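Student: So the chains spell out like this:
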Amino acid sequence: MTIRFNDETFRDDYSFHNSPEAIARFPFPFPEDSYMYSVNMEPRRGGRGVFEKRFDVDEHYISEMRDRAITLARDPLRCQSLPHMELAGWDFLELIMVSKSEDYPELFSLTRDGDRWTWENRPLGIKDSFTFLDASTLPYGPMDYITRQTQGDMAVLDQREENLWMDAGMVTSQADWSLDFDVGMNFYEWHAPVPRAHELGVFQRALTFLLNVQQGAPARRLNWTMTVNPRLDTAPETYPEWGPSKRDVTAQNVGAKQFLRVELQTFWRLPRSNALAFPIRCYLISLQDLVSQPKWARRLHRVLRDLPQDLVDYKGFAVNRPLIVEYLRQFDDGAPTSAGIFPDL
Amino acid sequence: MSQPMIVVEKTPLTPRVTRFRLARPEGKPLPVFSGGAHVVVEMQDGAALRRNPYSLVSDPFETRFYEINVARAEDGRGGSAFLHDRVQEGDTLRIGAPTNLFGLNLRASHHLMIAGGIGITPFLAQIPQLARMGGSFALHYAVKTSADALPDLPEGTHLHISDAGSRMEIAALLQRQPIGTQVYICGPERLIASVRGEAQALGWPPSAILSEAFTAPPSGAPFTVHLARSNRAVHVPAHQSLLEALEDAGVTAPWLCRGGACGQCETRVLSCKGEIAHHDHVLTPDERAQNHKILLCVSRFAGAELVLDL
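First to last, the protein sequences are chains A and B. Heads up: the first sequence begins at 907 in my numbering, then just goes up one per residue. Heads up: the second sequence begins at 277 in my numbering, then just goes up one per residue.
The hints are simulated quantities; they were obtained by calculation from the structure and are not laboratory data. Quantities reported herein were computed from a predicted structural model and do not represent experimental measurements. C-beta: ideal position from N, C-alpha, C; glycine also. Treat the hints with care, as some may be off.
Label pairs and their in silico Cβ distance ranges [said to hold, decoys possible]:
1. D562(B) <-> S925(A): 54 to 60 Å
2. D361(B) <-> V1004(A): 24 to 30 Å
3. G953(A) <-> S495(B): 57 to 63 Å
4. P404(B) <-> M1091(A): 44 to 50 Å
5. S506(B) <-> P982(A): 53 to 59 Å
6. F1115(A) <-> D585(B): 26 to 32 Å
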């Protein structure tokens, strides 16, 4: 299987684009015509499209990593690891290197001779030899090193006191939250801004589930937001650069400028540290690309039309909801939609 | 999701404790784990399938084998006796994946480990892990007689033999720890309660004290439960836990630690005409009084009728 990597930008001229293959495999997050928070966790056991590989690599890989490097150069605090999290960083490095070298042997190789490892990342032109568990033999800390080469934001959570603590992370494509602000917080604290979910008891149940994720038995769920322009760096720290773009959306350009942003979140128990790895893999699709799948067009119209206002506010598209719903309405003929997230063939 | 393991070595360490070394049949490497983890060992004892959790005592970075130390239980339900008397080198046992409910707090500046009897086992895996990281730790190991003490103890272990008059002075111990010390207690419930009580009296924050009790499901008078969803009755004999009886009856119930600590087996009670004996560490006093929930792995019932949402 060969991937043709795009040469595209997620800022400035926003040349990001999805091929027809990328559109077809997009993780549409809505299995039914309405949306409310739930503990929508399930075992992570392969699947179709983006669900198949443990750490999905797609046509955006090289360009996303380039965008991450730009964000990190401007703001190094997007990657932090509290001192006690170094062992978890090694666990996570091992998980990613083993998974990607097994799942994409034409792109990545890992050879191990005791604790002398050699890692080759052909798309990014990287080949490094290092000593596992010896941070002096890598150019960055282990989590920093490997997440500069892996799509998606990553949180590495320490498990103690019947809670999870965001004590390490690489966060450059977040939906408007700050690692620097959240680092050291626990599960309830970092979720404090989310409306309704606390009262629904979603977080207690989610935390219980996550505390019991075991080695060899990862889990996953989907989350979603809306973004104007295919911008990855939508952080509080750079709000002046992307926040005002919401006001640039018009009825004429909403199909091209408004994006559905879906997070494929996975949860992995790390063996030596007993920490929990939490990759948040971000997929973007413009509304005009999304409506090429009739089922998705109908369903997204209904979900966004009926979404309660406080969720619209929290997911950051309140200003443009009327424009978005109006645009999507032309693609919704009222026909029934099939259950599940995959497009009808 | 258990895997078969060969017993490659069976080594009596003391009159009551035997070590079992387990390896994969084809010699394939085992997953590494974190010190303090346990595995649930499945034992086919005739018609009965037993599942008992045992702390891994081997070095967490050792991938050629796992080791567990099993103490013969005084009046147990048969699992440890089965391992001691019926399992030989070359036999096969199935084990689950390592699960850690008693992990190291890697933020601590010093790790104070207090072990009572067989409670030393999780520390035997944590010490190599800490030593490798250059961590600071001290192990205090209390046994009744010198014959009970494990051989080949980690260097620097403080051994307290109560029959020889050397008891652990818990208050004195707790009073001389540096700031940032994490305390770990593993052993009988009364040791845990004693250390926690002293710590609280001295003003230690509760989060600085971690404990693991090896709670085997207690025996008790037999009883019957009714399962609402499957519309059947299951009898629980004296020396089987409710969870084990359900499993024998072919009922799928969730479980994880099998020791009343993790809450995975918590089940809704639809009707309780009698008294539930809650032996777990999970439910709050209010929840226990309301009798709307029961932890299947350790709790029992006495009375006219108990109906579960299963």
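Student: Indicate, hint by hint, whether the structure satisfies it.
Tutor: Now for the hints, and whether the structure bears them out:
For D562(B) and S925(A), the hinted distance range of 54 to 60 Å is satisfied, since their beta carbons lie about 57 Å from each other. Between D361(B) and V1004(A) the beta carbon distance is about 41 Å. The supplied range of 24 to 30 Å is therefore violated. Remark: the range hint 57 to 63 Å for G953(A) to S495(B) is contradicted by a beta-carbon distance near 45 Å. One distance hint, 44 to 50 Å for the beta-carbon pair P404(B) and M1091(A), is violated here, with the actual separation near 32 Å.
Hint check: S506(B) to P982(A), Cβ distance near 58 Å, so the stated range 53 to 59 Å holds. F1115(A) and D585(B) have their C-beta atoms about 19 Å apart, which leaves the hinted 26 to 32 Å range violated.
Of the numbered hints stated above, those contradicted by the structure are hints 2, 3, 4 and 6, listed in ascending order.
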